[in-house]
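Sequence order for the protein chains is U and Z.
Going by our numbering, the first residue of the first sequence is number 62, and it counts up by one from there.
Going by our numbering, the first residue of the second sequence is number 4, and it counts up by one from there.
To be clear, the hints were calculated from the coordinates, so they are not data collected in a lab.
Be a bit skeptical, because a hint or two may be false.
[To be verified] Simulated DEER-style distance windows between Cβ atoms:
| # | chain 1 | residue 1 | chain 2 | residue 2 | range |
| --- | --- | --- | --- | --- | --- |
| 1 | Z | 76 | U | 388 | 19 to 29 Å |
| 2 | Z | 76 | U | 287 | 53 to 63 Å |
| 3 | U | 430 | Z | 174 | 54 to 64 Å |
| 4 | Z | 76 | U | 339 | 26 to 36 Å |
| 5 | Z | 174 | U | 375 | 26 to 36 Å |
| 6 | U | 330 | Z | 96 | 25 to 35 Å |
[Claimed, not checked] Far from chain U, by Cβ distances over 10 Å, these chain Z residues were calculated:
| # | residue |
| --- | --- |
| 7 | 20 |
| 8 | 24 |
| 9 | 52 |
| 10 | 77 |
| 11 | 99 |
| 12 | 116 |
| 13 | 154 |
| 14 | 174 |
| 15 | 186 |
| 16 | 194 |
| 17 | 210 |
| 18 | 222 |
[What the hints assert, rightly or not] Computed footprint of chain U on chain Z; a stretch qualifies when at least three of its residues, placed anywhere within it, have a C-beta under 8 Å from a C-beta of chain U:
| # | stretch |
| --- | --- |
| 19 | 8-19 |
| 20 | 26-39 |
| 21 | 103-114 |
| 22 | 175-183 |
Beta carbons are placed, not taken as given, at the ideal position from N, Cα and C, and that holds for glycine.
One-letter residues, chain by chain:
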Amino acid sequence: MAWDIAFDPMMMSRWRKSSLRTRLTILYVALLVLLLTGLGALLYWDVKAFLISSTAVRLRAQAKPVIERWLMDVQAGEAATQFLLSIAASLARDLTSRDTTALILDHNGAVLANGRLLPEEPLPAPVDPERVARALAGENEITYSVMVGDQHTMVLLIPLRPQPGHPYIVGVAQLNTPLTAVDQILWREQRLIIFGSVLTILLGMAGSFWLTSSALRPLRRMTDACRRIAAGDFSERVNLPPRHSGQTRDEVVQLASAFNDMITRIEDTFASQQRFIADAAHELRTPLTAIKGSLEVLLRGSQDDPTNAKRLTRAMYNEVERLSRLTEQLLDLTQLQNGIILHRSLIDLERWLQEEFMPQAHLLVKESHLELRPGEPAKLYVDPDALKQVLFNLIDNAVQHTSTSGNIQLGWQVTATAVSIWVADDGEGIAPADLPHIFSPFYRGDRSRSRLRGGAGLGLTIVKRIVEAHGGQVRVASTPGEGTCVTLLFPVNPVLSGV
Amino acid sequence: MNSSPPRVLIIEDEQTIVEFLRVGLAYEGFQVEIARDGWSGLRLFNGQEFDLVVLDLMLPDLDGLEICKRLRSVNADVAIILLTARREIPDRIAGLNLGADDYVTKPFSFEELLARIRAVLRRRGRPQEQPVVAAAGIVLNSATHEVHKNGEPIDLTPKEFALLELFMRHPRRVFTRETLLNRIWGFDFAGDTNVVDVHVHHLREKIGDRAKRLIRTNYGLGYSFRPDDDESLA
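So here's chain Z without its partners, still in its complex pose (with noise of 0.2 Å):
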């Protein structure tokens, strides 16, 4: 937690595409840099250091795999993804061949897009999520799915898992109880918010937060994570 976030540059002239991949990939922690043509995404790329570029091969001035070669020519150790049209197959291994790091094809979703940033980044050694959060006495380390308090490992099941884990990395953030059941359990998933509860009471439990000093209710809002306020009494 102590890296700066990730920096990302998204070169798109799609205003909408734009919009959601700002807004998504803020939230998520990345440090985002919008350039809505090829020249200025060149002039922003070359005036600051970027972990990642997300770069649509149409746009209106210079061509995708024209700013891709140059992208690569700059900075060899930057990580690129494209998007592409999925008629664009050709384009899509030029692309891959002038150097850029996977690709995502339009329509995509935005966690397809997310993993696979997330797995260029590891894979380029860029910064990233440390594996290991620790808060009021809590270490937990999501590569190995292990959870410690003051020592001691906990027993979580892998929604319980998720819970801490997304409230341990975005501490005194309140999530709804909508925004939690869309994360961890799938925006698909046709239950109703009060699985979160039921969740939230066992996780409290089995990290010993009878009290709800670490695990907040947000009356009308949600829960969130307050190590901070806790300390006082661990």
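Isolated chain U, as found in the complex (with noise of 0.2 Å):
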């Protein structure tokens, strides 16, 4: 049946649509059940064995001396049979008694005297020749019972011998004894173990479901914070039970907590990306301030006088290009944001530089001088379109925030755990309070003089994300009025540079 059921496929549907609480209770009860059954089973029959095996052994021990003392002066043969004969009543008589009934067969399985003569001596059950045969081959021990009536009776079968153990046997005696007291017993041990598995698997029921409430509960709390949460309320958090010093955790409260450090991660960076949103758009602000007022004026008459027209076209120019650096910079930093691939290959850094990056450069550093200063050979494992970018944007900072005339170096440096490489300026420096946030999105020292420059403030998070998706560093350095230097620590693979 259990089987049948096990396989039936809409009942494991069901199962697998039930919950886990739900699960776990049939699980534990079943378990429950199937354990108490086969202890109780256990339990009733070795009652019953012992019981049983008991009242065999005292039956006979009772009746050995009755037998011994009325055969003892018997000689094999013959006269055995007529002396058995002739005893034969008074043996079954002695044998009986009121909770056993002593029939005497002869040698051939005849019955020669029945013990019972009051009604409430217990009735004989009927000769079974077959057990009478082998009982009267010299087998000692044959005990088995029968219904007699609606009597479940007990019978013993002993072979009758001249001495204890003497070859010869002249006839057996049955002897018959109801069972009425040992199934009484068993019965109430039935009742009693029934009624205790019952009442076990009843509470083991409600322990288990109890138990497994209070396990599941967090993740009930767990389930009700996420719906609160995929509804837009990142505050949500899942109550956990204090914790007391010394007392380890749950797996499931483990799991909460665990749910809960994700939930502020994921609430952090949800508010730097509204932050970082709310900072694009204001950066969008202004340039589009003055591209909407230029056009208004054009269009209100000023495009007639082409003076005029002429101004307020080349400035809407150079507001569409900041937009489109600042759009192109966006772009970068949420790609950067998305998780950065890197190409790396290992690069000969003063080869790379001669040959890939200064002639590029030099297109940009017009005006401020650019001097590379070459440290000892050194070779990196980096995204080389990566560190470009990286230094581009150094020296475009370093090119906003120097005079025409000022002086920007790039170096590098190799100690025995990194390559550090930098830019170095004489411009105007940062000020120490600026110091903290120009890795911070659209931040700017000097507002409005970058702006100018074009910058958006984003180029040192560009850098600063490169650089660490590299497992490098970013340093600076620097004093107002006397310059910045932006170092870039990159640390040393000993078995890829082959330092």
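Got two chains here, separate frames each, mind docking them using the hints?
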């Protein structure tokens, strides 16, 4: 039955659809039923076997001296048969009591005497010739039970010998005893086991239900929290039980705690994204105002004056340039935020700078001097395009913050653990108050000045992201009025760099 | 028209915004001075008489609110309009509390700024466009929207009135059809410049200028109002 249910596809699908709590409870209860049934049955059979065997032993012990006394002087042979015939009635009567009736059978299995005289003495079971034959063949321990009327009766067959152990067998004594007392005890035992099992199962069911409920409660809370978060409330957390010192947290609480950590992280990310979008929108506002206003002024009639038209058109062109630069940087940053895929290769730093980077950099740096200050030979395992972007950003920054006669230097240093590439200028420097913020998106120390030259305040953010993706660090040292030095620390991989 | 044009000081560091404000306001008949940071703004303000200051709250050197306070302490009568970014709502309130008359939020439209400038000047009783303009026997009152020619009332549609007002306030200036269309029908007007010609034609009829002496057609350019030349005919 149980197997049929388990393999019924309907039941299986319902099983899969049911809640974890239901499934755990069902499993637990099923296990309990199996265990209790097995144990109960075992106990029942054990008690039954004990009661029956102890009854048999008692009867045999009682019968033994009676039989020995009656058969003491018997001689093997025909005389013995005659003797048995003469004493059979008395022997049967002696072996009979309130709970036992004895039959005496001769060596042919015929009944010689029935010990039952009084009505309260039990009825004997009918003779089983096959078993009697086995007893006559010398089998000592034949015990079995049959139904006599509605009475469960135990039957013992005892071979009758002149002396204990003697091979000659005169006849058989059949002792019949009803198992009323044993049956009563067993019936009570059975009730006890069933009642106890049912009670235990009920308690177990309630217990397991409570246990799984309480164990799964944080999960349920987590589900609720998830729903509220999905609805947009990122301040939502799963309530955790207070942590007492030395108390270990169970797995579900650990999960809830990890879940809370995750939500905190998401909330932070979300907030910083929103801040970023707000900042970006703010950055777009000024160029948009300028373009919109210029267009309005032109359309209102200034276009009729070629000088004004030219000035405003040029200014608008610059603003559009600014917007596209900003858009470009926003795209870069978004790509970096989505996780940077680095296409690393091993480069010889000096050769790469001389042949790849500097020719392009000199296109950018027309007014200021850009000087390369080589260090020891170094090989770097980096993404060359990303490194180029980083250095361009730094040099662009340096250009923006130096006078036209200013000097920009690009160099590197090799230590045991890192290759540090630095870009230094002798420009205006960064105010100490601004230093902690320079890597934040859209932060500009001297707002208007750098905006005039087109920076959106994203350059250093991009630099930092790229360098950190390489496992490196960015350090900035600056003295207002004397200049700024940005150092990129790339950790050396001894195997790859071959230093 | 006889009074001197209103003098406006713009304190703003954004090059392009300065550029269009200067060109636009000058075109609208204001006399414009520019300061690219707070200090030079204050210096200019102390040296000259201004009717109105357009002040950006975000300047490289001085806090815009601080400038606002100083301007107000020097001159209680000057009108001050703040340029702000949307996120600085507390700044706007602080600015108004510190004596600014109004503010516009970036990105603002030039027309909106112009409207606010005119409203603020009006409130302050500053020199501004006189409601009544008279030339070549035509008297136009923009406050009452009435036009008289030699004492006789003339019935004009709103567009015709606006055209005539623009012409009379800017005598001798040549307006292209596009400019007239943009200023009177709006930037988003979808029609073509013929509508200007049609309205000018009607206007000429109504003011008795069939000879096209008052409103001249400048071939290849547009239209202009020439009352002085007409005086000989009057």
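Examine the stretch 26-39 of chain Z for residues whose CB is less than 8 Å from any CB of chain U, and state whether their number is three or more.
Per the Cβ count (4), the hint holds.
Outside-interface status for residue 186 of chain Z - nearest CB in chain U farther than 10 Å
For residue 186 of chain Z, whose nearest Cβ neighbour in chain U is about 6 Å away, the distance does not exceed 10 Å, so it is violated.
Say whether it holds or is violated: residue 210 of chain Z keeps its Cβ farther than 10 Å from all Cβ of chain U.
The claim stands: residue 210 of chain Z keeps its Cβ more than 10 Å from every Cβ of chain U (closest is about 22 Å).
Chain U covers the stretch 8-19 of chain Z, three or more CB atoms within 8 Å, holds or violated:
holds (count 4)
Evaluate the given range 54 to 64 Å for the C-beta pair formed by residue 430 of chain U and residue 174 of chain Z.
holds, 57 Å
Against chain U, does residue 77 of chain Z keep a CB gap of more than 10 Å to every residue?
holds, 24 Å
Take a quick look at residue 20 of chain Z and tell me if its Cβ sits farther than 10 Å from every Cβ on chain U, holds or violated.
Given a closest Cβ separation of 5 Å, the condition is violated.
Range hint 25 to 35 Å (beta carbons of residue 330 of chain U and residue 96 of chain Z) holds or violated
holds, 32 Å
Should the label of residue 194 of chain Z as a non-interface residue stand, given a Cβ cut-off of 10 Å to chain U?
At roughly 15 Å from the nearest Cβ of chain U, residue 194 of chain Z sits farther out than 10 Å, so the non-interface label holds.
Within 26 to 36 Å: is that where the Cβ-Cβ distance between residue 76 of chain Z and residue 339 of chain U falls?
holds, 34 Å
Mind verifying the non-interface call on residue 174 of chain Z? Its CB should be farther than 10 Å from each CB in chain U.
Label holds. Min Cβ-Cβ 15 Å, cutoff 10 Å.
Claimed coverage, the stretch 175-183 of chain Z by chain U - three or more beta carbons nearer than 8 Å
Coverage by chain U holds for the stretch 175-183 of chain Z (5 residues, Cβ < 8 Å).
In this structure, the hints that do not hold are numbers 1, 7, 8, 12, 15, in rising order.
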